[in-house]
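Chains as they are written, first to last, in the working numbering: chain A, 1 to 114; chain B, 115 to 229.
If you are wondering where the hints come from, they were derived from the structure by calculation, not from laboratory data. Each hint should be verified, as a subset may be incorrect.
Reference listing, derived: stretches of chain A covered by chain B, where coverage requires no fewer than 3 residues with Cβ under 8 Å from a Cβ of chain B [to be verified]:
hint	segment
1	16-22
2	104-110
Pairwise CB distance ranges, derived in the manner of DEER restraints [as the list claims (entries may be wrong)]:
hint	chain 1	residue 1	chain 2	residue 2	range
3	B	Leu160	A	Thr54	21 to 27 Å
4	A	Met27	B	Thr169	39 to 45 Å
5	A	Met41	B	Met197	25 to 31 Å
6	B	Leu160	A	Gly16	33 to 39 Å
7	B	Glu178	A	Asp38	25 to 31 Å
8	A	Phe10	B	Leu160	20 to 26 Å
Listed below are the simulated EDC-like cross-link pairs for lysine to aspartate or glutamate, each with C-alpha atoms no more than 20 Å apart in a straight line [to be verified]:
hint	chain 1	residue 1	chain 2	residue 2
9	B	Lys226	B	Glu185
10	B	Lys216	A	Asp62
11	A	Lys57	A	Glu79
12	B	Lys172	A	Asp62
13	B	Lys216	A	Glu59
14	B	Lys226	A	Glu79
15	A	Lys9	A	Asp38
16	B	Lys163	B	Glu178
17	B	Lys216	A	Glu79
18	A	Lys70	A	Asp26
19	A	Lys9	A	Asp26
20	B	Lys226	B	Glu129
21	A	Lys57	A	Asp38
22	B	Lys163	B	Glu180
23	B	Lys163	B	Glu185
Note that the coordinates shown come from a computational prediction; the quantities given were computed from them, not determined experimentally. A virtual CB, placed ideally from N, CA and C, is assigned to each residue, including glycine.
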Amino acid sequence: NAGVTQTPKFRVLKTGQSMTLLCAQDMNHEYMYWYRQDPGMGLRLIHYSVGEGTTAKGEVPDGYNVSRLKKQNFLLGLESAAPSQTSVYFCASSYLRGPQETQYFGPGTRLLVL
Amino acid sequence: AQSVTQLGSHVSVSEGALVLLRCNYSSSVPPYLFWYVQYPNQGLQLLLKYTSAATLVKGINGFEAEFKKSETSFHLTKPSAHMSDAAEYFCAVSVHTGGGNKLTFGTGTQLKVEL
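Next up, chain A with everything else stripped away, as it sits in the complex:
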């Protein structure tokens, strides 16, 4: 049981390049989330998904797209990377819908946009 895994662990992009971050979970969780973490700002929600085939915007969605074609995978895409997207990206998942549910986090992807 690997929990939540993220690929890649680290990536350097040039401005304007595109890339996809992959999140996978093996806990059969319905809900998945993408956050970004920036110094002094905590974690902020980018997009989330309440089930296979569904996605919704979070707090800071601009410049990102997501897809949830399979229940266990949640992809985060950057179509045209900008230096402001330099950050650490965390994926999380939870089993049930209630606000008391624990979110389980992956190890993160460090992205540097030059």
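The hints should help you fit chain B onto chain A, whose structure is shown.
Same frame as chain A, but now just chain B:
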């Protein structure tokens, strides 16, 4: 809208001393509150959570937190700090929306433990 304030972005304690990390929340509905810990270069791990069952919540690694509605606080404590407690700690509040549970995080407190 809900929010979380963590007082003190950096806290330093001596090994064996009391750890106190402060968290105050704002929520228009009864909140669910979480403390997560992040060790260097790792993801976030749940320490403990308040779900209204008991105001004093015990978590892993000897940490506990007390929910005080009158003070809108959920401070994290540990009686005796260990070197392995050095990490960043995040307080978060959760409210139910139409789409899953949304966590709102504080800005984090970096805990340093000195010999």
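Legend entry - Coverage claim, chain B over the segment 104-110 of chain A, checked by counting residues with Cβ within 8 Å (three needed): holds (count 5)
Legend entry - C-beta pair glutamate 178 of chain B, aspartate 38 of chain A: status relative to the range 25 to 31 Å that was hinted: With Cβ atoms ~29 Å apart, the hint holds.
Legend entry - Satisfaction of hint between glutamate 185 of chain B and lysine 226 of chain B, Cα-Cα up to 20 Å: Distance ~26 Å between lysine 226 of chain B and glutamate 185 of chain B Cα, so the pair is violated.
Inset, instruction - Below or equal to 20 Å on CA atoms is what counts here, so check lysine 163 of chain B against glutamate 185 of chain B. - result: holds, 18 Å
Inset, instruction - Below or equal to 20 Å on CA atoms is what counts here, so check lysine 57 of chain A against aspartate 38 of chain A. - result: holds, 19 Å
Inset, instruction - Quick one: see if chain B covers the segment 16-22 of chain A, three-plus residues with Cβ-Cβ under 8 Å. - result: The restraint on the segment 16-22 of chain A is violated, since only 0 of its residues have a Cβ under 8 Å from chain B and three are required.
Inset, instruction - Quickly compare the C-alpha distance for lysine 163 of chain B and glutamate 178 of chain B to 20 Å and report which way the hint goes. - result: With Cα atoms ~9 Å apart, lysine 163 of chain B and glutamate 178 of chain B stay inside 20 Å; holds.
Legend entry - Pair hint lysine 226 of chain B and glutamate 129 of chain B, alpha-carbon separation not exceeding 20 Å: holds, 9 Å
Legend entry - methionine 41 of chain A paired with methionine 197 of chain B, Cβ distance criterion 25 to 31 Å: Holds: the Cβ-Cβ distance is about 28 Å, inside 25 to 31 Å.
Inset, instruction - Compare the distance between the alpha carbons of lysine 57 of chain A and glutamate 79 of chain A with 20 Å, and conclude whether the hinted pair is satisfied. - result: holds, 16 Å
Legend entry - 20 Å Cα cutoff - pair lysine 216 of chain B, glutamate 59 of chain A: holds, 10 Å
Inset, instruction - Compare the distance between the alpha carbons of lysine 163 of chain B and glutamate 180 of chain B with 20 Å, and conclude whether the hinted pair is satisfied. - result: Since the Cα atoms of lysine 163 of chain B and glutamate 180 of chain B sit roughly 10 Å apart, the hinted pair holds (cutoff 20 Å).
In this structure, the earlier hints numbered 1, 4, 9, 12, 14, 17 are contradicted, and the remaining ones agree with it.
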